[in-house]
Amino acid sequence: MSAAPLTRAMLVEAPDDLDELIEFFHARRWSDGLPIVPPTRERVERMLSCTTRKPDEVVANVAPGFGAATVERIAINAVMAGCRADYLPVLIAATEAMTAKEFNLQGIQATTNPVAVWLVVNGPIAEQLGVNGGMNCLGQGTVANATLGRALRLILQNLGGAIPGEMDRATHGQPGKFSFCCAENEAQSPWEALHVERGFKRDQSTVTVIGAAGTHNMNTHAKDADDLIRVIADTMAFPTSNDYWIAGEPWIIVSPEHAEVLHAGGLSKADVKRRLWEASKMSAGRMAKIELARTQTARSEELGPITTNTLLPVSRGPEDVGILVAGGPGTHSVYVASFGDARAVTREIV
Amino acid sequence: MTQVYDPTAPIPEVIQNLRRSVGDLTGKVVGFIDNAKPNFNLLADDIAELLTSRYGVKTIIKRAKRGASMPATEQVIDELAAQCDLVVTGSGD
Amino acid sequence: MTVVSHAFVGLGKAQARALGHPGLPLAVIPHPFGSRTRDEVRALAEQCVGEIAKLAAAK
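Residue numbers (our numbering), protein chains in the order written: chain W, 1 to 350; chain A, 1001 to 1093; chain Z, 2001 to 2059.
Some hints here could point you the wrong way.
Stated by the list, open to error - Cut-off 20 angstroms, straight-line C-alpha distance, at most; resulting in silico cross-link-like pairs (DMTMM-like, lysine to aspartate or glutamate):
| # | chain 1 | residue 1 | chain 2 | residue 2 |
| --- | --- | --- | --- | --- |
| 1 | A | LYS1028 | Z | GLU2051 |
| 2 | A | LYS1058 | A | GLU1079 |
| 3 | A | LYS1028 | Z | GLU2040 |
| 4 | Z | LYS2013 | A | ASP1093 |
| 5 | Z | LYS2013 | W | GLU166 |
| 6 | W | LYS289 | A | ASP1093 |
| 7 | Z | LYS2054 | A | GLU1049 |
| 8 | W | LYS101 | W | ASP320 |
| 9 | W | LYS101 | W | GLU348 |
| 10 | A | LYS1058 | A | GLU1074 |
For the record, the hints were derived by calculation from the structure and aren't laboratory data.
Treat the numbers as computed from the prediction; the structure is a model and nothing was measured.
Kindly produce the complete structure, drawing on both the sequences and the hints.
Here it is, written out as structure tokens:
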């Protein structure tokens, strides 16, 4: 048992030389494999000045190791990831969100599934911090997107104890486990923003955490809503998806151009969800026999007897299909299949 | 040398419960929580049969989780905790 | 007690410790297990039941 205090971070002696210091962090498996920014007392204090919360306040205990994520430790990992000081409140809210029971962080952290925690920022703070919801929002090149997602991964690893190959049992993982963070493109969305849909006011700032199994691009020049719904729904239905066997919570990142096609077809966001949910039902016979058996165990209560002819909905209801408008110009949208056993959680950033 | 923060959190000082010996299984009640992974139900069936025929276990209670990566319901946990001397769960693939 | 396939022993031990049950008995079976045939499962149950009885009786 460590004698370290549970709620105050410890200073350790490390090499002066930056190259050696980076190796010092790698050797202890305190990094994600990329060089870190040294979490010195000065840098951590600067970051802590951006919140009114006390350094030793425990925001949450992070599964599966249940280390105490204090405000100070969140700040330390944020410094290491390269975050600017004023990003800290986003990470505090994200840590709260991902430790909510319905997010099932225990399952997400220890599974063989590649699931990553995807952060979505809504509200005025997205623009203030420069979180990108437009062109290349899931790619490289934006400090906030790159470092917020990375900081969250360091929190999951250093405070949750999910070291790859140890408690993190991912078969492959995915690039999104380095960083997976974007804003919603609220300015170009024809619908209410995600946080408004989830009960917040438009001028509140929020972070939403989502258990994302991966990203699958959908390129289509479809120009009418029916055609677009049909091809997106067809992409959603694949027999090795976690969503179909357990009733998941899949997401579609709709590009502004595709959102406009759907909106011009008279569809509200709720309409899109309902139409996709209906059109993406998949014949249970497409699954491997063993997954069909698992589906029978997992979903008979919900759907009644399940045979190879049963049409399985991707989620319990249309409301569990997530829609986010993001991205720049182009005829692409993104399907984000889910971990299945996790529900997105939104928390206000204060 | 320079000073930097250790970014990790110590393992919480939760009460470390000592294991209890169940002793001889004769006349005992054994529960199983099927973790919904392929084959676990069959393994549990076989083990249950052997525990009864070979080790004299009196009663077997089998319950299941809906999916592997979700916890058993509190109802199942409470029921098994109240009735069983030993509960067998599963982990892995 | 947990029946655990070999690749998950480390996770099982770490998890048991984090949850305050460092002595949780783990009965280890070979990995991967889910793809075994019915007869193979039966043979593994034969091996595993002895381990379960032994772990249950251990002080």
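Structure-based check of all given hints:
no. : hint                  : in the structure
1   : A:LYS1028 x Z:GLU2051 : holds (17 angstroms)
2   : A:LYS1058 x A:GLU1079 : holds (17 angstroms)
3   : A:LYS1028 x Z:GLU2040 : violated (27 angstroms)
4   : Z:LYS2013 x A:ASP1093 : holds (16 angstroms)
5   : Z:LYS2013 x W:GLU166  : holds (10 angstroms)
6   : W:LYS289 x A:ASP1093  : holds (17 angstroms)
7   : Z:LYS2054 x A:GLU1049 : holds (17 angstroms)
8   : W:LYS101 x W:ASP320   : holds (17 angstroms)
9   : W:LYS101 x W:GLU348   : holds (17 angstroms)
10  : A:LYS1058 x A:GLU1074 : violated (25 angstroms)
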